[in-house]
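**Student:** Model the placement of chain B on the given structure of chain A, informed by the hints.
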Amino acid sequence: MNFDLSEEQRMWQKTVHDFIAAEVRPHAYEVEETGELHWDAIRKMGPLGLLGLNVPEEYGGANVDAISAAIAIEEVGWGCGSTALTLAAHNGLGVTPLVQFGDAELKKKWLPRVTSGKHKLSALVMTEPQAGSDLQGGIACRAEKSGNEWVLNGAKMWCTNASIAEYIIVVVRTGPTGGSRSLSQILVPTDTPGLHIAPPEKKMGLNGSPAHAISFDHARVPLGNLVGEEGRGLQQTLSTLDGGRIAIGAISLGLAEAALEASLKYAKERKAFGHPIADFQAIQWKLADAAMEIELARNMIQRAAWLKEEGRPYSVEASMAKLYASEMAERVCYNAIQIHGGYGYSREYPVERMYRDARLMTIGEGTSEIQRMILARSLLGG
Amino acid sequence: MKIIACIKQVPDSEAKVKAENGQVTYGDAPLVINPFDEYAVEGALQQKEASGGTVTALCVGPESAKEALKHALAMGADEAILVSDAALENVDSLGAARVLAAAILKIGDADMVMFGRQTLDNGAGVTAPQTARVLGWPMLGLAGQIKVEGGSVIVERVLEEGRQIVKANLPAALSVVQSIGEPRYPSFMGIRKAAKAAIPVWSLADLAMAAPAALVTRAATMNPPARETVCEFITGESPEAIAETLAEKILAEKVL
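Same order as they appear, the protein sequences are chains A and B.
Numbers given in my numbering equal positions in the first sequence, counted from 1, plus 32.
Numbers given in my numbering equal positions in the second sequence, counted from 1, plus 24.
Isolated chain A (complex conformation) (with noise of 0.2 Å):
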């Protein structure tokens, strides 16, 4: 047994966390204010290997291990959740089946534009108005082929980084009978006349991170755009997921780190009754409460992480993962506001925003009641 990163793995970590601590962090009120990314940052990631990070090098990418993926993750989510999620939803959702699924020319065509940091991301969209969790039988976009086109109709919802993508994989129907192998995956660009996209919803938290609701009104798309099977769409949907899942934990997991680094600055920093206020013991407890959980966090983040990379099954350690790192990151940050006092509460301080940032983990790419769904069923069977 080794809990030790490999020198790359640490040498990766001190890398990003340079970059992110230069480049990322100093401008996180401000993209959470104007709900604009700081994209002199994003340009930058191309080089470093950010936007990449399940790609081959031969179309671009970094093609780092999953450990190193979740590391870098966790490092950008401790300077920025909205930018954080954006490239989890980049990285994660929007390039991971492609990389996994999609033919060479697909690829070839898609891939090294995305990564380069110069253009735009990429983005994957399954919910619907009224579809979340339940893909296989909720889903009402469809797809229907015209001569070498697919003509896409329907409507979809929390499309995270849809303005800011040059493509957009969509989960639609394309089998009527409907069942488990009645979905598929198709690549549609975000030029395409037919596509439309909403403003950015109006939400409780990382405001930089853009997510819309998007449409379709007889959009086509060439054949070839299709990623992988045909009728696969749901299983390469949920493969996506897991991954996706030990990304939102690290998001979690980064944003819990922030929140007790602030908390402990302010602990030694703030006096009352003539103590800085880190003398008393119902903040040590706090204190130590949360370093404990975000050790416990990072040990299961790395270790479903490490399953991956070893490809052994790893979507029950996923689960917990995501799971547990997302309501931890809350109570982590609950506890930053309360140490801060009055102050937590202010947009002054960065607390209130890690918050409302880790609010969202205990339901994106998964609710944490569909988590333990999926850990019950795995306990009882079926």
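Honestly, I wouldn't trust all of these hints.
Derived pair list, reagent style DMTMM-like, types lysine to aspartate or glutamate, alpha-carbon separation capped at 25 Å [unchecked claim]:
id : chain 1 : residue 1 : chain 2 : residue 2
1  : A       : 76        : B       : 206
2  : B       : 220       : A       : 97
3  : A       : 150       : B       : 73
4  : A       : 76        : A       : 50
5  : B       : 72        : B       : 103
6  : A       : 297       : B       : 73
7  : B       : 220       : A       : 36
8  : B       : 171       : B       : 135
9  : A       : 46        : B       : 145
10 : B       : 217       : A       : 90
11 : B       : 220       : A       : 40
12 : A       : 46        : B       : 52
13 : A       : 46        : B       : 38
14 : A       : 297       : B       : 87
15 : A       : 300       : A       : 327
16 : A       : 150       : A       : 36
17 : B       : 217       : A       : 301
18 : A       : 303       : B       : 256
19 : A       : 76        : A       : 89
20 : A       : 297       : B       : 36
21 : A       : 297       : A       : 321
22 : B       : 217       : A       : 68
23 : B       : 220       : A       : 341
24 : B       : 273       : B       : 252
25 : A       : 76        : B       : 73
26 : A       : 152       : A       : 62
27 : B       : 42        : B       : 145
28 : B       : 26        : B       : 252
29 : A       : 46        : B       : 206
30 : A       : 46        : B       : 87
31 : B       : 40        : A       : 301
32 : B       : 40        : B       : 91
Which chain A residues stay away from chain B? Per the calculated CB distances, all over 10 Å, these [claimed, not checked]:
id : residue
33 : 76
34 : 225
35 : 228
36 : 250
Source of the hints: derived by calculation from the structure; they are not laboratory data.
Backbone N, C-alpha and C fix where the C-beta goes; we use that ideal spot for every residue, glycine too.
**Tutor:** The following block gives chain B in isolation, referenced to the frame of chain A:
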């Protein structure tokens, strides 16, 4: 074009420096590549991109300095060499310059040697010219822009008084400043290469030289006297009265 970038490992800029038993200590501050030397690596990589060739990162320091060399490799340097020897523990800048010069000659065929303008720890800023002097090469200090033309290098020097353009025959030594451009971040490809790299370690014996005698010795180092700060609130009946009291106190303290 064969370029050597000379780097040093120094304590992080946030290190708390103090004197203990007459010695300078940095506590457990992380050790990093000297930030000024990152410009030297950046300058060297830019020249490699412009004219082709290779960049070798060279460092005199303890075994731990391999970390700083790995940073240079991750930025894009082709190879790295560490000169490390117990006899060099308290080497002064002229001694370091003699060792660097010997290593540069052992590497051989260098067209340009680049340095940062100074180090973050000692900050004397003399190692570059001293190395140039030992080698007998021209020294172009404070280079903000570098251009190689034929067998010469043209440098725009960034001086307090303005800019100065100078030209020298190659091989030459340069110190590189911030105007060269922000040092690039390491790429994942670079990190992958650096993590695997086996960095050769040369001893003084490998350089066929004895430990250079230190010309500079330091008397005992001590902490600056502790500063006592007293805060006094001046009150008075009117702003004018407060200002008058303040002025009197300032004059009494001989601040003005």
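**Student:** Run every hint past the structure and note whether it holds.
**Tutor:** These are the hints, each one checked on the structure:
Only pairs whose Cα atoms come within 25 Å are accepted, and residue 76 (chain A) paired with residue 206 (chain B) is accepted, the gap being roughly 12 Å. At roughly 15 Å between alpha-carbon atoms, residue 220 (chain B) and residue 97 (chain A) fall within 25 Å of each other, so this suggested pair holds. Annotation: proposed proximity of residue 150 (chain A) to residue 73 (chain B) holds, straight-line Cα distance about 20 Å (limit 25 Å). Straight-line distance between C-alpha atoms of residue 76 (chain A) and residue 50 (chain A) comes to about 13 Å, which keeps the hinted pair within the 25 Å bound.
A distance of roughly 13 Å separates the Cα atoms of residue 72 (chain B) and residue 103 (chain B); the hinted pair therefore holds under the 25 Å criterion. With a CA separation close to 44 Å, the supplied pair residue 297 (chain A) and residue 73 (chain B) exceeds the 25 Å bound. Restraint check for residue 220 (chain B) and residue 36 (chain A): the C-alpha separation of about 16 Å stays at or below 25 Å, so the hint holds. Restraint check: the Cα-Cα separation between residue 171 (chain B) and residue 135 (chain B) comes to about 13 Å, which is no more than 25 Å; the hinted pair holds.
At most 25 Å may separate the alpha-carbon atoms for a hinted pair to count; residue 46 (chain A) and residue 145 (chain B) meet this at roughly 22 Å. Straight-line distance between C-alpha atoms of residue 217 (chain B) and residue 90 (chain A) comes to about 16 Å, which keeps the hinted pair within the 25 Å bound. For the suggested pair residue 220 (chain B) and residue 40 (chain A), the alpha carbons sit about 8 Å apart, so the restraint of at most 25 Å is met. Our distance criterion of 25 Å between C-alpha atoms is met by residue 46 (chain A) and residue 52 (chain B), whose separation comes to about 17 Å.
With a C-alpha separation of about 16 Å, the suggested pair residue 46 (chain A) and residue 38 (chain B) falls inside the 25 Å cut-off, and the hint holds. At most 25 Å may separate the alpha-carbon atoms for a hinted pair to count; residue 297 (chain A) and residue 87 (chain B) exceed this at roughly 34 Å. A C-alpha spacing of about 22 Å is found between residue 300 (chain A) and residue 327 (chain A), which places the hinted pair at or below 25 Å, so the restraint holds. Restraint check for residue 150 (chain A) and residue 36 (chain A): not satisfied, since their Cα atoms lie roughly 35 Å apart, outside the 25 Å limit.
For the hint linking residue 217 (chain B) to residue 301 (chain A), the alpha-carbon distance of about 43 Å lies beyond 25 Å, and the restraint is violated. Annotation: proposed proximity of residue 303 (chain A) to residue 256 (chain B) holds, straight-line Cα distance about 21 Å (limit 25 Å). Between residue 76 (chain A) and residue 89 (chain A) the CA atoms are separated by roughly 17 Å; this keeps the pair inside 25 Å, and the hint holds. Annotation: proposed proximity of residue 297 (chain A) to residue 36 (chain B) holds, straight-line Cα distance about 20 Å (limit 25 Å).
Restraint check for residue 297 (chain A) and residue 321 (chain A): the C-alpha separation of about 16 Å stays at or below 25 Å, so the hint holds. With a C-alpha separation of about 35 Å, the suggested pair residue 217 (chain B) and residue 68 (chain A) falls outside the 25 Å cut-off, and the hint is violated. Pair hint residue 220 (chain B) plus residue 341 (chain A) holds up; C-alpha atoms about 19 Å apart against a cutoff of 25 Å. Under the criterion of a C-alpha separation no larger than 25 Å, the hint pairing residue 273 (chain B) with residue 252 (chain B) is consistent with the structure, at around 17 Å.
Our distance criterion of 25 Å between C-alpha atoms is met by residue 76 (chain A) and residue 73 (chain B), whose separation comes to about 18 Å. The straight-line distance between the Cα atoms of residue 152 (chain A) and residue 62 (chain A) is roughly 20 Å, inside the 25 Å bound, and the hint therefore holds. For the suggested pair residue 42 (chain B) and residue 145 (chain B), the alpha carbons sit about 12 Å apart, so the restraint of at most 25 Å is met. The straight-line distance between the Cα atoms of residue 26 (chain B) and residue 252 (chain B) is roughly 54 Å, outside the 25 Å bound, and the hint therefore fails.
Distance restraint check for residue 46 (chain A) and residue 206 (chain B): the Cα-Cα separation of roughly 18 Å lies within the 25 Å cut-off, and the hinted pair is therefore satisfied. For the suggested pair residue 46 (chain A) and residue 87 (chain B), the alpha carbons sit about 20 Å apart, so the restraint of at most 25 Å is met. A hinted pair counts as satisfied when its Cα atoms are at most 25 Å apart, and residue 40 (chain B) with residue 301 (chain A) qualifies at roughly 19 Å. Between residue 40 (chain B) and residue 91 (chain B) the CA atoms are separated by roughly 21 Å; this keeps the pair inside 25 Å, and the hint holds.
Non-interface call for residue 76 (chain A) relative to chain B: violated, since the shortest CB-CB distance, roughly 7 Å, does not exceed 10 Å. In this structure residue 225 (chain A) is separated from chain B by more than 10 Å, as the shortest Cβ-Cβ distance comes to about 37 Å. The claim that residue 228 (chain A) lies off the interface holds: its Cβ sits roughly 37 Å from the closest Cβ of chain B, which is beyond the 10 Å cut-off. Every Cβ of chain B is farther than 10 Å from the Cβ of residue 250 (chain A); the closest lies at roughly 42 Å, confirming the non-interface assignment.
In the structure shown, a violation is registered for the earlier hints numbered 6, 14, 16, 17, 22, 28, 33, in ascending order.
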